[in-house]
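Hey, can you piece these two chains together into the complex? The hints should help.
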Amino acid sequence: EAGVAQSPRYKIIEKRQSVAFWCNPISGHATLYWYQQILGQGPKLLIQFQNNGVVDDSQLPKDRFSAERLKGVDSTLKIQPAKLEDSAVYLCASRPTGGEGGYTFGSGTRLTVV
Amino acid sequence: AQSVTQLDSHVSVSEGTPVLLRCNYSSSYSPSLFWYVQHPNKGLQLLLKYTSAATLVKGINGFEAEFKKSETSFHLTKPSAHMSDAAEYFCVVSEGSARQLTFGSGTQLTVLP
Numbered sequence: 001e002a003g004v005a006q007s008p009r010y011k012i013i014e015k016r017q018s019v020a021f022w023c024n025p026i027s028g029h030a031t032l033y034w035y036q037q038i039l040g041q042g043p044k045l046l047i048q049f050q051n052n053g054v055v056d057d058s059q060l061p062k063d064r065f066s067a068e069r070l071k072g073v074d075s076t077l078k079i080q081p082a083k084l085e086d087s088a089v090y091l092c093a094s095r096p097t098g099g100e101g102g103y104t105f106g107s108g109t110r111l112t113v114v
Numbered sequence: 001a002q003s004v005t006q007l008d009s010h011v012s013v014s015e016g017t018p019v020l021l022r023c024n025y026s027s028s029y030s031p032s033l034f035w036y037v038q039h040p041n042k043g044l045q046l047l048l049k050y051t052s053a054a055t056l057v058k059g060i061n062g063f064e065a066e067f068k069k070s071e072t073s074f075h076l077t078k079p080s081a082h083m084s085d086a087a088e089y090f091c092v093v094s095e096g097s098a099r100q101l102t103f104g105s106g107t108q109l110t111v112l113p
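Residue numbers (the numbering used here), protein chains in the order written: chain X, 1 to 114; chain E, 1 to 113.
One chain only, chain E, in its complex shape (with noise of 0.2 Å):
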């Protein structure tokens, strides 16, 4: 069974300092992993996936994420936080053919000016 752990459910930074929010997940197969961010009454939009292919994953608006199997960990990072980034962020997990999305319960990222 996959699952998925986000290690903070809150983070604060401050605008231009590099941000890392954590994840770390459980699956018995060779997972695809995605980055999700959601922002205030808006829908889900996806950052970056690794699906097999490089372990460093770039993805929109500077975002990348490194997978890292002996850790199983794939935390997210960005060198200069903008106010725009506020907002709430999803590590999600997904294995075998029916390709189901299993989500973390999501880290909150506050930018402060």
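Chain X extracted, bound-state conformation (with noise of 0.2 Å):
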């Protein structure tokens, strides 16, 4: 079984910039999740989606973060413009609807705003 697919693995901004990152979450699972993980921190959840349908984006700074999974497959998270506070590992998780666990996590995406 493959597992969640993230791109890129790095990136490095400029501060006002924008970038966008992508997710291929494992196929069949309705649930996907974006984590931020700020250095030294436990990642923080974002965004939830159920298939192509926002469940909870209470935490997602929407000035100038946003995330859409139109086909209810792929995922991207975009932020614009960026902040120094925003350097970070974005995760995507995935897990089948319903069920104990079952989460599985990409390797995530590491950005740098300089």
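Take these hints with a grain of salt, some might be off.
What the hints assert, rightly or not - Straight-line C-alpha distance at most 27 Å; calculated BS3-like pairs for lysine-lysine:
{"#": "1", "chain 1": "E", "residue 1": "42", "chain 2": "X", "residue 2": "44"}
{"#": "2", "chain 1": "X", "residue 1": "83", "chain 2": "E", "residue 2": "42"}
{"#": "3", "chain 1": "X", "residue 1": "44", "chain 2": "E", "residue 2": "68"}
{"#": "4", "chain 1": "X", "residue 1": "44", "chain 2": "E", "residue 2": "49"}
{"#": "5", "chain 1": "X", "residue 1": "44", "chain 2": "X", "residue 2": "83"}
{"#": "6", "chain 1": "X", "residue 1": "11", "chain 2": "X", "residue 2": "71"}
{"#": "7", "chain 1": "X", "residue 1": "78", "chain 2": "E", "residue 2": "42"}
{"#": "8", "chain 1": "X", "residue 1": "62", "chain 2": "X", "residue 2": "78"}
{"#": "9", "chain 1": "X", "residue 1": "44", "chain 2": "E", "residue 2": "69"}
{"#": "10", "chain 1": "X", "residue 1": "11", "chain 2": "E", "residue 2": "42"}
Everything labelled a hint here was simulated from the structure, so no lab data went into it.
Below, the structure is given as structure tokens:
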């Protein structure tokens, strides 16, 4: 079974620039999450999708962050404009509908804003 | 609202000695609890999970954890540490229909030769 694919692996941008991250979940996984992990901290949920609908985006800084999952499969997370404090690893995770556990995390995209 | 407190930010043990990583949780419902490990520059790997079955949960690589509802704890243990166990460990709680994961702040485990 292929895992959760994320790209790019690393990204360095200047503040005020824009950046996009891509996630391809495990085939058949209806639920997709984006987490932000700042250095030295645990991951924090940004947004949760169920198929192509948003379940929870209460912790997404909507003035600069956006995410979509148009066809209920791949997802894109965008930051525009980036700030220095956005430097973090952005993790994508997916799981099938129902059942306990079953989360699979991607390797993440490490973003550095300079 | 759910939350997790990892009581130690750093734990250092000698190779071959027991490991104890402490975790307390807060949850309004019957929670699911997990331990994840993160090696440097690697993704999160599930060590074990508790989902209202047996309170003593066995995981991979010799780790186990015991769910104690009266103490709201879910401590991670291993009888004998190995050098390859050195990593960051996260205690995680999940509850409700959305099944979102709430992570603790992590415990960095160092294993000394």
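Holds or violated: are the alpha carbons of residue 83 of chain X and residue 42 of chain E at most 27 Å from each other?
The hint holds at about 25 Å.
Assess, step by step, whether the Cα of residue 42 of chain E is no farther than 27 Å from the Cα of residue 44 of chain X, and give holds or violated.
Answer holds: residue 42 of chain E to residue 44 of chain X is near 17 Å, not above 27 Å.
Within 27 Å, alpha carbon to alpha carbon, are residue 44 of chain X and residue 69 of chain E?
holds (25 Å)
Restraint status (C-alpha distance of residue 11 of chain X to residue 42 of chain E at most 27 Å)
Judged against 27 Å, a Cα distance of about 16 Å means the pair holds.
CA of residue 44 of chain X to CA of residue 49 of chain E, is that 27 Å or under?
Given that 27 Å is the threshold and the Cα spacing comes to 19 Å, the pair holds.
Compare the distance between the alpha carbons of residue 44 of chain X and residue 68 of chain E with 27 Å, and conclude whether the hinted pair is satisfied.
holds (25 Å)
Would the hint linking residue 78 of chain X and residue 42 of chain E be met if the CA-CA limit is 27 Å?
This hinted pair holds, its Cα atoms lying about 23 Å apart.
Taken at face value, is the distance from the CA of residue 83 of chain X to the CA of residue 44 of chain X at most 27 Å?
Status holds; Cα separation ~18 Å.
Does the alpha-carbon distance linking residue 11 of chain X and residue 71 of chain X stay inside the 27 Å limit?
Given that 27 Å is the threshold and the Cα spacing comes to 26 Å, the pair holds.
Is the hinted pair residue 62 of chain X and residue 78 of chain X satisfied, with a Cα-Cα distance of at most 27 Å?
holds (10 Å)
In the structure shown, no violation is registered for any of the earlier numbered hints.
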